[in-house]
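**Student:** Now for the letters of each chain:
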Amino acid sequence: MQFIGPLCKRVKSEYMRLRQLKRFRKAEEIKALFQSNRRKIEGRTELLNEEWSKLRIQSIPLSTTSGSLPSKKLCMVESGFPSFPYQAVAMRPLTTVAGIPFMYSWSPLQQNFMVEDETFLHNIPYMGDEVLEQDEAFLEELIDNYDGVHGDRGEAGQTCLFIQFVLGQYPFCFKSQIQDNADFSLAFPSLGRELSANKKIPHDKIFTAIASMFPYKGTMEELKDKYKDLLEPSSPVKLPPLCTPNMDGPLAKSVQREQSLHSFHTLFCRRCFKYDCFLHPFHASPNVYKRKNKEIRMETEPCGLDCFLLQVQLSEYITISYVFLLKFADQNMQSSQRPRRRRRQPRPSSSCGPTPSGFCEEGKEGGSDHETTSSSEGNSQCPSPAKLRPGEEGAEESESPPQWSGAEESLFRVLHGTYYNNFCSIARLIGTKTCREVYEFAVKEVLIHHVPLEDGGISPQKKKRKHSLCSERIVLISLSICLTDNSSNQVYNYQPCDHPEHPCDSSCSCVMTQNFCEKFCQCDQECQNRFPGCRCKTQCNTKQCPCYLAVRECDPDLCMTCGAADHWDSKQVSCKNCSIQRGLKKHLLLAPSDVAGWGTFIKEPVQKNELISEYCGELISQDEADRRGRIYDKYMSSFLFNLNNDFVVDATRKGNKIRFANHSVNPNCYAKVVMVNGDHRIGIFAKRAIQRGEELFFDYRYSQADALKYVGIEREIDIV
Amino acid sequence: AVPTLQGQSGASDSQPVSAMAPQKHGSGGNGFYANSTSKVANGGAHVSSGVVMTSVKRPKMEQVQADHELFLQAFEKPTQIYRFLRTRNLIAPIFLHRSLTYMSHRNSRTNSKRKYFGVNDLLFKVEKSKVDQDSHNMASNLQLTFTGFFHKTEKPLQNSENEENSVSVEMLLVKVCHKKRKDVSCPVKQVPTGKKQVPLNPDSSQTKLGAFPTLIVPSHEFEPSNSHMVKSYSLLFRVSRPGGRELNGMTTRDNVMEELSNRKKRYCSNQDDGETTFVAQMTVFDKNRRLQLLDGEYEVSMQEMEESPVGKKRATWETILDGKWLPPFETFSQGPTLQFTLRWTNDTADRGTAPVAKPLATRNSESSTVDSSKPSNVKPPQAVGKITSTEQTHVEPRQKLRVYYQFLYNNNTQQQTEARDDLHCPWCTLNCRKLYSLLKHLKLSHSRFIFNYVPHPKGARIDVSINECYDGSYVGNPQDIHCQPGFAFSRNGPVKRTPVTHFLVCRPKRSKPSLSEFLEPEDGEQEQQRTYISGHNRLYFHSDSCMPLRPQEMDVDSEDERDPAWLREKTVMQIDEFTDVNEGEKEVMKLWNLHVMKHGYIADTQMNQACMLFVEQHGTTIIEKNLCRNVLLHLVSMHDFGLVNTGNIDKAMAQLRDLKQQKDGQEQSKTQDNADGGSSGDGEASVSNFVKTKNH
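Top to bottom, those sequences are chains X and H.
Using full-length UniProt numbering, read the first sequence as starting at 1 and increasing by one per residue.
Using full-length UniProt numbering, read the second sequence as starting at 1 and increasing by one per residue.
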């Protein structure tokens, strides 16, 4: 115990030191951030100043007092010295300038932005001291709605410190043991081993000392276990992430087509044409299966003197192509069924939650299957195909065995899936190989890798995990839709359906939600539930147009005659039913409202039924809207707008200028939720012809059913 | 009593009328508006005396006092404001009352000629006037119709007798001839043209038009005489007033006239002992034989004759009254002045169409600085119109119209009644001359009050109450108020301003003037009042910074970009967050996302084009970052989604290849180095990524 005594002291001082170090580091970090922010601001100011200096401005010339109103008072300055004259200047009253209304900051946005539910309350809303005191009950209720409040010190912050702390004891412990060599000779060898191994658990004594210092943290054993636990997760992280190496990099490996394209396939949003888009957290994988046949074309003309077509007999070529076709069709069928998610590291809650049954099974299967392949491929620098390759090639082509790098091999497989046996094109795209070499490689691939190719379609383990709760929620919602009754006025969010091998019937999610199948659905082109588009030759602004009748905007990929697919660059489109998707909004201006707070004003006159703006904001779930709405009601200001049964648009944090339009029971605008290329979007349209400079109003109670939801807003207007 | 048109004096004579406007006790007399530094401030006559006169009759003084306090509380401040505004409007008018529709009778011009107006008329007019000037010399007779002689005496005039109500005016034509060799000075010939009795301080409303005396200078007088070449002609007026007393030593050296202020000279000479003689001289033709007197109404400031005539050289421009300096126009309110109408005419009998003189602005402004109790003897300008026949149709039948003002205060529970005999606005002393105009003027110009018209057997009753709704808010163009510093007054070249639309209705529908519109309004009538200013009549703000939008920024919608900076940053960050996406893929994805966000693609059919544009715009970046194969993967992936066809992949990649070859050709060795360095850098980057994940 004599040993524990100084150790305790040491523990204490070490603890203090670490704490201080942490604090210091944090302060440094903040300082650095502050400095960088200052620099940013300075840069901006410089830009602004430059702009101002470019403007030709003259200061206001003071009008001379002579000739103007004689009733002006003079302001005199008299100096005591006789030699100095009096100085007088006319008093000039300034007009009062009214202050501007209050505004919370927000980010501009021209398209909806989906955000996840916030299960943690980010901050306790401040509504003035009076409210805070009065409404403690409200705040308590509010906090109850959430899983917790952001900033509650979790374990995460402490773990790092703890590990550091324990490790920090090593040197001291070591020293003290040297000092007390005789007494603790038994302890020494173990410690020595520890230090040399550098991976083992520190000596118990350290934990004992810590436990005695911080009794509330648990016993020595508990601490030890905890330490072990904390060290544990760090080890898997050390492994290189299961990630396909950069195709253009030096470490490019020869992998299967699926792996090469996996990132692109899974992250690409077919609806937004973007990777990892802001609106659709759930991206379907490409359905290669139904690719148009005309794309598969064979090259029959040799591309040059060295073309493989001149060397290879045509019959052979065709048989090979046949084999390829079969194989790829098989493979693609498999892959098409498997939408997979990428994992995003910083998300804290990535692991838990139920996954939809279909995906789950698939995932497990693929995971277990691939465990072996991935480890063998991942750990050995030379993947199996590469290993096999040199011998084979050496045997075939004695004179100049062309070296196929990993990247080239991968690229071949990728392109082969697209170009099939069009080896000339493949060779051109690869760039470093002739078509003959490509052909020869292809022959080998088919012979050698026939078997591995089959399970190559199965994805590695990494791809399976859902990266967010958000997508799970959507699936849950779409499931819940089936359970609730479909009354006619309910509008549900569209989700592309994906049920291979059987047509869109009553089990199809689109049919169930009473949505049309869109071009994003995986179902057949000829699906009965597909919306056919219009064949209008007019403006599509009457109910004659099937799109207009169905409260849809014309789809530029379906409606080919109305002009929705023409004139991409101009704002003059003959079709008047595609304004939202094209962003043909009006120039809006912001000024203090004549009614309450801020108001939205229009710059140019508009005609009746013209789109004024889309009401943009964060796309949140109905549950989240309920939670947020409770706070907004307290603030007496709400930017919530019901989109459909699943989602609400909240323009509080992100939005566009139309968010400032006030409510009126006699408005000049109306809101309409329109299906725009598979997304519900809120358009604000002119209810009548509007003059320039008019303030815009629309009826917040856009449907009777929602009237209750916006009581808060009505209340606000009443007060003002 | 000498009744004048200016009802105030008449009213104060005939009845103990109190001040129409509330005034603090003891502040009476001179200067209703204490803060006003204006010398010409006037209208004091109305305020001036007897504020408390209504209360004098009341028996209970204390109650009266309290009542009066309430009255003052309600009406004092707006009244002061309107008094101030009136003064300001006199000095620097923003508009002329006569140009208002409901004051059209104050306007002497007619628009009838405009119908036939052509641009050439201007030329004709000028040419004609030139010819006229020459022809005047010989052709026309000079006809002078004397309206009256005005002179304010110390004694009230009502005491004077009848025969004193006229003075005799003698007019002489003075011809100054060219010197002949033998002459020492210019020979001067005085040709008497006649002598007439002219009414003294007449009230034009009571005098008939034809009754005015007329003197004619025949045209042959202006023809060159045989013996002497006449250098200049001038008229000399000699007014002798019988029974004259020694008047104040008013010496006026001022050549003030309405239009021809500098063409008149005066000097004085004493003639008779028994009577006072005033003289004045006006030039008809100057040395260059230019005509100086055009048709019009003239008022000549007369000069009392003195022992020694003041020579031309000693003449100055001051006006002195009792040793005090007077503003130039003060002479006209004090007199003595002679008023006449001058015409050049061929027909001696024609006298009905004398041109109408324009009133002097200062005519209203008598005596506030001098002595408010002094009754005005100057005809108000409006009276001039009465003389002319053209105006007579507009004038209301002259009857004793009494206007009762009933002031309602203390929540309309108390009232105080004042009566006036004229149609002057009690606040700005404007003579509206018609009840309709008066009511309209009150309603429009004094909106701090509410005026309601109630018909009354003796005339009219106007209920005056405080307008509680008056908030002083500005109803003009707000851009004028919010004129943004540094821009509104920029004189450094053209500056953009916010476009504001004013509706100017060309021939607005006007209901016939009817007094019924001033009756107490029914509910709902207020709604019809709409602002006629539309457009951007407000100051706009930037939605991100809440800073005022400058006019030159109006046309740019700063917040309408499809890819705001924060969103661009966000998408880059979001992609960087992935741990299982390699660096090359990330770079391509970021580039592509920014590309799509910038162009806002919406249709599948756009994708082929989008890919080509992508390669075109970002080709160099792709090659620099060594991303060609990743781009190919991206394109193949797009193909898998059915968005691009193979032909486009080929084309896009061919373009990239060409670009790369170009670059390689340009700097072969360098590119080689870069490729090595770049690839090793790639490796480092991925390693660092590993490290990063470890830290997580």
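If you're looking for bench data, these hints aren't it; they were derived computationally from the structure.
The structure presented is a predicted model; accordingly, all values stated were derived computationally and were not measured.
No residue lacks a Cβ here, since even glycine has one placed at the ideal position from N, Cα and C.
There may be inaccurate statements among the hints.
[As the list claims (entries may be wrong)] Stretch-level coverage of chain X by chain H, calculated; a stretch enters the list once three of its residues show a Cβ under 8 Å from a Cβ in chain H:
| id | segment |
| --- | --- |
| 1 | 272-281 |
| 2 | 511-523 |
| 3 | 556-568 |
| 4 | 623-634 |
| 5 | 664-675 |
**Student:** All hints are to be evaluated individually against the structure, with a verdict given for each.
**Tutor:** The hints, checked one at a time:
{"no.": "1", "hint": "272-281", "result": "holds (count 6)"}
{"no.": "2", "hint": "511-523", "result": "violated (count 1)"}
{"no.": "3", "hint": "556-568", "result": "holds (count 4)"}
{"no.": "4", "hint": "623-634", "result": "violated (count 0)"}
{"no.": "5", "hint": "664-675", "result": "violated (count 0)"}
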